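Asks: Please build the complex by placing chain C with the ligands on the supplied structure of chain G, with the hints as guidance.
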Amino acid sequence: MSYTALIAKKEIKSYFNSPTAYIVLTVFLLMAGWFFSSPLFLNNSSDLRTLFGIIPIIYIFFIPAITMGLISKEKNIGTIETLTTLPIKDSEIIYGKFWASMGLIVTGLLFTGVHLITITLLGTNVDFGAIFCGYLGLILLGAVYSSIGIFTSSLTDNQIISFIISLLIVSFFFMIQFTLQILPSGLVGFFQYISTGYHLSNISRGVIDTRNIVYFLSLTALFLKLATIVMESRKWK
Amino acid sequence: MIKLENLVKDYGNLRAVDHINFQVEEGEILGFLGPNGAGKSTTLKMLTSYLSPTEGNIQVDDLNIFDNSIEIRKLIGYLPEHNPLYTEMTVYDYLHFIAEAREIDSKKFKKVLKNVVEKCGLNGVISKPIQTLSKGYRQRVGLAQAIIHDPKILILDEPTSGLDPNQIVEIRELIKELGKEKTLIISSHILQEVQAVCDRIIIINKGKIVADGSTEELKSNLQGKTKLTLDVIADEDSLAKIVDYVHNISVHSIKNIGEKTFKTIIEYDSVIDKRAEIYNYIKKQDWTLLEMHRENVSLEDVFRNLTVEEGAN
Ligand SMILES: Nc1ncnc2c1ncn2[C@@H]1O[C@H](COP(=O)(O)OP(=O)(O)OP(=O)(O)O)[C@@H](O)[C@H]1O
Ligand SMILES: [Mg+2]
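These protein sequences, in sequence, are chains G and C.
Note that the working numbering has the first sequence beginning at 1, numbered continuously upward.
Note that the working numbering has the second sequence beginning at 1001, numbered continuously upward.
Don't take each hint at face value.
To be verified - What the simulated footprint calls covered on chain G by chain C, stretch by stretch (three residues with Cβ under 8 Å from a Cβ of chain C suffice, anywhere in the stretch; the number is not a length): (1) 52-60; (2) 85-99; (3) 160-172; (4) 223-236.
None of these hints come from the bench; they were simulated from the model.
Only a predicted model underlies this, so the values are computations on that prediction, with no experimental measurement involved.
For glycine and all other residues, C-beta sits at the position ideal for the given N, C-alpha and C.
Pulled out of the complex, with its shape left as it was, chain G reads as follows (with noise of 0.2 Å):
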């Protein structure tokens, strides 16, 4: 097994040993059964629309919060200290530990698909593609911002300091696309590129444009990267 996989193994294991997986994924399970059950949802029928526009706002607590212990606690209890002296690379643990925090998401995404199926079943007009595209964004999204709330994480032992820096950079992210109105319109262009709701918009609607994976990829690396350096500041001389 790679270190990294080594890694994410471990995360995973230590999320379902804690409260922490159950919590997020009965959250999103019952968002999922309340959106089926609610008219509105009856009205679009097929149309996971408003799902997923929620759930980049859940997005916005839940990410902080189960990443903001990967790391600050490693450092809090000292462990970090035996995890990089084994021969593992302070990048793999990173790595694994992002992961970690995605297959989560994921799992959680997975578990608001569950009424797809009885929408296939009962022989709705489903598009599957636009379905496609939205949890692919929202992947991407999750991406973006567990990379956040990782470089957060490395950067003190202290789990709640974590969770609001990542909270404030991640809304920060996160609302740029509704100041894009009261912006000089020389700066329009440029904030329209960084919102993470833009790029989302793009594809929700259905079109993948390399363009939009390509900023929600390189967001995510460079925040990996971050982390990545914080981590390795410590052996600065």
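Replies: Frame of chain G; chain C with the ligands shown alone:
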């Protein structure tokens, strides 16, 4: 096999390790002794690649810490200070995780586990969560984690700190046992600890090595002086003049403890025994000797002398 060359570590303005040089040979059991804040842990953290030296180099066989960090880590088993553990894991899960990180293949794991469980006396707790274990047992888990891959080098940072006296004895026995087959470095600020298990001691203070030698050597080289305490009924003025009659001694202190009775502390080089000469002088003066008591300066004193003077900041 391990070589530290001109090792320096700065934390901002604070120089925690200041040009340390030493070598450890294969199979040696080295005690790394120093008061709080001496730089022991910092040195060990560099040796285990947790930190990088500000200056200098560490060599293990022909590997060096900058280019071959991962390879060096594979040769080392490490018990960090305060024995950090994933307390929510069971002992089994924790050791399994470490074994996987140490690339012990899953077919061999059972055998390896049985071996460390036996060595570290973990029978009966293997399926318990670590947080339910006593401190002594946690220390055993920490040691098991460090030796699971049968490393050539074992580094233990204050392995008995915080344990009760019975647990200390048990863990020391365990460490002695492990020392038979490995190159071992143990840090401690307790002298008896390193005296009990180590064949060589390095004393460090404020980031610098102040003594380095075998346990025996340190005793004889550094405890140069003998301290002789006399209770004698005498005349104070002439008592002080004893130095004119018996050569190469010095009077450390004279204290009046009763009617013409003085507690006198005399120091001299241990090489020649001065007791007979001193006694003869007292007899010649016709004084009454109530008590004469010789103290061998212990390694404890040596340690204190080397580290305390400025350490009392
Ligand atoms: N991360 C750090 N940042 C800043 N200063 C540090 C750090 N770690 C240690 N120090 C300082 O460096 C010096 C050496 O610390 P070190 O932990 O190496 O000492 P030690 O010999 O292990 O002491 P102890 O017996 O208390 O464990 C101390 O003055 C300590 O305060
Ligand atoms: Mg220490």
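Asks: Can you name, in rising order, the numbers of the hints this structure does not satisfy?
Replies: 1 and 3
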